[in-house]
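Asks: Sequence:
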Amino acid sequence: MFNGVLVVRCEEQRSLCQYYTTVSLNYQTYVDDSRHQAKAQYFKPLVDKAAEKLYESKYGVESETL
1 MFNGVLVVRC
11 EEQRSLCQYY
21 TTVSLNYQTY
31 VDDSRHQAKA
41 QYFKPLVDKA
51 AEKLYESKYG
61 VESETL
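Residues 1 to 66 (full-length UniProt numbering) make up the sequence shown, in order.
The set of hints was computed from the structure by calculation and includes no laboratory data. Glycine included, every Cβ here is placed at the ideal spot set by N, Cα and C. Treat the hints loosely; a few may be bogus.
Derived CB-CB ranges, DEER-like [what the hints assert, rightly or not]:
#1 36 / 13: 15 to 23 Å
#2 26 / 55: 14 to 22 Å
#3 38 / 9: 19 to 27 Å
#4 18 / 44: 12 to 20 Å
#5 15 / 42: 16 to 24 Å
#6 11 / 33: 29 to 37 Å
#7 15 / 45: 16 to 24 Å
#8 21 / 61: 20 to 28 Å
#9 35 / 60: 16 to 24 Å
#10 60 / 14: 14 to 22 Å
#11 19 / 61: 15 to 23 Å
#12 60 / 38: 32 to 40 Å
#13 18 / 61: 16 to 24 Å
No farther apart than 16 Å at their CA atoms in a straight line, the calculated lysine to aspartate or glutamate pairs in the EDC-like style are these [stated by the list, open to error]:
#14 44 / 33
#15 53 / 12
#16 44 / 32
All chains, please: the whole structure from these sequences, using the hints.
Replies: As structure tokens, then:
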């Protein structure tokens, strides 16, 4: 039986995966279309932040004293 924490964490990761997929596809679409570089630059930080949050949700927050 799953406990509530595991279920919530899986749902959070699924939501982050969906968000990351959406923003990264938007970013790549605008990068490929040279007429919309401003839109591509809008999505780049969103992709980076989503990737960071997804990594942290799976592996934990990295130590700042490496």
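Asks: Compare the structure with each hint and give your call.
Replies: Going down the list of hints, with the structure as the test:
no., hint, in the structure
1, 36 / 13: 15 to 23 Å, "violated, 30 Å"
2, 26 / 55: 14 to 22 Å, "holds, 20 Å"
3, 38 / 9: 19 to 27 Å, "violated, 36 Å"
4, 18 / 44: 12 to 20 Å, "holds, 19 Å"
5, 15 / 42: 16 to 24 Å, "holds, 21 Å"
6, 11 / 33: 29 to 37 Å, "holds, 34 Å"
7, 15 / 45: 16 to 24 Å, "holds, 19 Å"
8, 21 / 61: 20 to 28 Å, "holds, 23 Å"
9, 35 / 60: 16 to 24 Å, "violated, 41 Å"
10, 60 / 14: 14 to 22 Å, "holds, 18 Å"
11, 19 / 61: 15 to 23 Å, "holds, 19 Å"
12, 60 / 38: 32 to 40 Å, "holds, 35 Å"
13, 18 / 61: 16 to 24 Å, "holds, 22 Å"
14, 44 / 33, "holds, 15 Å"
15, 53 / 12, "holds, 10 Å"
16, 44 / 32, "holds, 13 Å"
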